[in-house]
Amino acid sequence: MTTTPKKHMGLKAKERLSNTIIYILLITISIVWLIPFIFLVFESFRVESTYQVGYVVPKQFGLDNYINLFTKTDFPIWFKNTFIIGLFASVIQTIIVLCMSYTLSRLRFKGRKLLMNVMLVLGFFPGFLSMIILYKVLSWFNLTSANSVPGLILVYVASSGMGYYVSKGFFDTISRSLDEAARVDGATRFQVFTKIIMPLSKPIVIYTILTAFMAPWGDFMFAKYISHATSAGMNVAVGLQYLISTPQNLSAYYTMFCAGGVLVAIPITILFMCLQRYYVEGVTGGAVKG
Amino acid sequence: MARVKLTDVKKVYDNNVVAVHDFNLDIADKEFIVFVGPSGCGKSTTLRMVAGLEEISSGTVEIDGVVVNDLQPKDRDISMVFQNYALYPHLTVFENIAFPLRLQKVPQEEVFKKVTEVSEILGITEYLNRKPRALSGGQRQRVAIGRAMVRNPKVFLMDEPLSNLDAKLRNQMRAEIILLRKRIDTTFIYVTHDQTEAMTLGDRIVIMKDGYIQQVGTPDEVFDQPKNLFVAEFIGAPKMNTFRTNLIKENGEYYVTPFGSKLLVDGLKGEELKKRKIEPQEVILGVRPEHMVLGKDADNDIDAKILVNEMMGSELHLHVVTNDNTELIVRVPTVDLSHEERAKLTSGNEFHITFKGNVMNFFDVESEENLLN
Ligand SMILES: Nc1ncnc2c1ncn2[C@@H]1O[C@H](COP(=O)(O)OP(=O)(O)O)[C@@H](O)[C@H]1O
Ligand SMILES: [Mg+2]
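Residue numbers (the numbering used here), protein chains in the order written: chain A, 2 to 291; chain B, 28 to 400.
It should be emphasised that the hints constitute simulated quantities derived from the structure, not laboratory data.
Heads up, the beta-carbon is just placed ideally off N, CA and C, and yes, glycines get one too.
Any given hint could be a false lead.
[Claimed, not checked] To give an idea of the chain B side of the interface with chain A (calculated C-beta under 7 Å), a few residues:
#1 L80
#2 M107
#3 K132
#4 V133
One chain only, chain A, in its complex shape (with noise of 0.2 Å):
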């Protein structure tokens, strides 16, 4: 109340340049990062051609990428695949990560921290290091090729318990007098992780269902390696790469190849919208709890 109207101005007009800067910075990286998909999703619609044009809007309008990427492709059994990973790696993964947390957080026993360091570090080694070794053991048991889904599915889960940094972090937060009281009030050590812990838990078992579910759909050089080749083993992202992965095959899947890409994304943009509420507090969750 101090500052002179004609400061006030001044001041105002300040905010106002600034603001306006900002807002065409943000725009701009904004549609430097829609474009990709933009262009995506024009090309995933296109009739008049299967193969790259050299312009973006399509002619003609259609679904017949759509209708062929189902009809004369695999495409369905690699994103059945990739759906059906998705849904054993969130389910076990959730679990095992949420058990481990909670076990690093509540208990205290002889090479707790030890282990705590050895995961941390092994956690530092790109996972494909392990690639081969993991085919090879895979292979023994049959898991490969057209197996590779219950293959895929132990990979990902195998590793699980290492990602317990982050719930963990969460379940720290959480007062120890909770599971005290709880216990005197009569729980098991199993109720008081069910009927406590779990609930107020919400945002980090929806981050870690997400995060899950979501790494099968991306990845590429387990699945490619894992499947070697075989369709009936693939997941949306070896299967779509497999299907523009020759000259010939790239003019005439290109089209379809891009449908595919947009209809992955579906599932996961499903599930967030759902989730989202939770997701963002899941992630900012153990800074804010009071």
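Given the coordinates of chain A, assemble chain B with the ligands onto it according to the supplied hints.
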């Protein structure tokens, strides 16, 4: 309703801190026991061993004649109120109180009846649908007590339940706990660092220091016959005046000679000294501020100069200094002071202090134990 017995209970934490040594205590059915002592003396640790939240390193804890060392908290039939209330944030007040009943699969009607009853006693019926975060500290405390009461446990444990409340609310809740105790009528173990709480609530008080029990007794006993210097100074506010002086014997009578005075040890204390044939010796003499009175006899009384005069309403707290610069506190009730007398009790003025033999406490200079134990 249960007898709780601790025998040679010891707690050693993983970092080799010995938090509790040789704790022996027999708590009667329906007794209200208070553990009191300075922070870190092992009160909570002992309570948590009774609750089953802390492993017992050695010794035994019995509830109703059953050794519970290896029982989970849920199998001990106890309930506990925590210092930070530990309410379940995701549950309403109703569900918080109902939680122990739900675990026991009590039928819905009965849950409703019991929760309603408890919340009426505690005056929290209006808040039953709220989440804990929408409650004030005092209300949360009531919910925590309600959750502990609803099950009619054998033993009711409370760890500093009032220390997060402001002074006024604390006094109010203290009074309510006294009333509540009559209603619940079970065995209570209550932990506090506040001697006033201990004195007002406990049937018996356990005074602890550095993991050792110093004295167990009724409020009267620990106040009138402190076992050692620590208890004497810990119980009572303002704290007991203590100073070194000589205990002498002349013509069969005992005298003390603090600060150049000579005061007769008359009354019961004098009799006791004679009966036990206590040797004349240097002692630590302890006299409570309220037992020091304004003296008339300039020759035999203690000379003192007033440093600060604190007006507390019904009484004055005089901080005085003696001829060898020892500081003492004297409590003077204002009710029988005339205007002139009161005017004289201002800082810088000199006056005399005396006290009777039966308010004197004699402690050994070395061991600090009470000579008349
Ligand atoms: N979990 C623990 N691990 C190691 N030492 C502990 C633990 N809890 C308490 N202590 C130690 O035990 C002693 C007694 O603690 P506590 O029973 O909490 O005291 P009080 O409740 O009387 O303040 C203290 O010295 C404290 O530092
Ligand atoms: Mg404590």
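- Message: Hint compliance check: list the failing hint numbers for this structure, sorted ascending.
- Response: Hints 3 and 4 not satisfied by this model.
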